[in-house]
Amino acid sequence: MHQLTDILLGELEALEDLHMFRITKVNSNLFEYVYSSLFQVSIPCKNFMPIVTKVNITYHGKANSRYKDDFPRLSAFLLASANQYITEGDDLTVREVLFLPCLSSPFAEYHRQIVHRLSDYWSACAQLRMQLTLLSIKYPVDIIIPSMPKDSPPTFHARAMVMFPSVMGKAFISFVFPFDTFGQWPMSIDSLDCDVEVAYGPME
Numbered sequence: 002m003h004q005l006t007d008i009l010l011g012e013l014e015a016l017e018d019l020h021m022f023r024i025t026k027v028n029s030n031l032f033e034y035v036y037s038s039l040f041q042v043s044i045p046c047k048n049f050m051p052i053v054t055k056v057n058i059t060y061h062g063k064a065n066s067r068y069k070d071d072f073p074r075l076s077a078f079l080l081a082s083a084n085q086y087i088t089e090g091d092d093l094t095v096r097e098v099l100f101l102p103c104l105s106s107p108f109a110e111y112h113r114q115i116v117h118r119l120s121d122y123w124s125a126c127a128q129l130r131m132q133l134t135l136l137s138i139k140y141p142v143d144i145i146i147p148s149m150p151k152d153s154p155p156t157f158h159a160r161a162m163v164m165f166p167s168v169m170g171k172a173f174i175s176f177v178f179p180f181d182t183f184g185q186w187p188m189s190i191d192s193l194d195c196d197v198e199v200a201y202g203p204m205e
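Heads up, my numbering is the position in the sequence shown plus 1, with the first residue counted as 1.
Each hint should be verified, as a subset may be incorrect.
Unchecked claim - Derived pair list, reagent style BS3-like, types lysine-lysine, alpha-carbon separation capped at 30 angstroms:
1) Lys139 / Lys171
2) Lys139 / Lys69
3) Lys47 / Lys151
4) Lys47 / Lys26
5) Lys151 / Lys55
6) Lys26 / Lys55
7) Lys26 / Lys69
Hints listed in this document are in silico derivations from the structure and should not be mistaken for laboratory results. Just so we're clear, the structure is a prediction, and the values are computed from it rather than from any experiment.
Produce the entire structure from the sequences given, and follow the hints as far as they go.
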């Protein structure tokens with residue numbers, strides 16, 4: 002029995018490393034885990050069934066222990082949008098990717114959908130941040146969070162300042178990332194929109 006427990010624990014640790022998540026608490030009222038050592042996800046439950054509308058996502062650990070953040074405004078925006086991303090989509094109960102051997106069947110069935118969906122979301126955000134970081138190496142990039150009606154999907158703009166020495170011109174190029182675009186990046190790249198504002202110079 003002890004040997005079997007060790008095997009199951011070993012398999013669980015391997016799954017946690019593979020999916021970059023670590024379970025910290027499991028009971029009939031609460032399921033908590035840490036994703037990629039950065040985010041703590043608390044899922045309140047009623048008899049093991051997740052209450053999606055009460056999911057709480059926060060940063061894990063102290064702020065000064067995390068990596069240097071080149072886009073703190075974007076980080077706060079993406080974290081605030083994560084809860085909304087969970088409740089969007091067609092059906093959270095049909096996608097299965099993760100088997101949690103330490104959990105009861107009903108518990109694993111519903112919670113792995115949240116784990117999977119949030120993993121997809123953070124993977125998309127990580128790839129988008131990496132590309133914005135590469136863009137900022139050559140062009141200064143500002144993150145703009147426009148004011149939106151309360152019930153509107155979240156949207157942000159990434160505005161890059163581009164100089165055109167040949168015509169002594171400068172322009173601001175804004176990439177518009179609505180909810181469905183940044184939450185499914187890079188698969189949603191075809192939906193990316195942009196605006197161009199000429200600051201000065203003979204440019205059209």
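Evaluated hints:
Straight-line distance between C-alpha atoms of Lys139 and Lys171 comes to about 14 angstroms, which keeps the hinted pair within the 30 angstroms bound. Among the hinted pairs, Lys139 with Lys69 is consistent with the structure: their alpha-carbon atoms are about 19 angstroms apart, no more than 30 angstroms. Straight-line distance between C-alpha atoms of Lys47 and Lys151 comes to about 29 angstroms, which keeps the hinted pair within the 30 angstroms bound. Distance check on the hinted pair: Lys47 and Lys26 sit about 15 angstroms apart at the alpha-carbon level, within 30 angstroms; holds.
Our distance criterion of 30 angstroms between C-alpha atoms is met by Lys151 and Lys55, whose separation comes to about 19 angstroms. A threshold of 30 angstroms between alpha carbons decides the hint, and for Lys26 with Lys55 the separation of about 16 angstroms falls inside it, so the pair holds. Annotation: proposed proximity of Lys26 to Lys69 holds, straight-line Cα distance about 29 angstroms (limit 30 angstroms).
Checked against the numbered hints listed earlier, the structure breaks none of them; every hint is satisfied.
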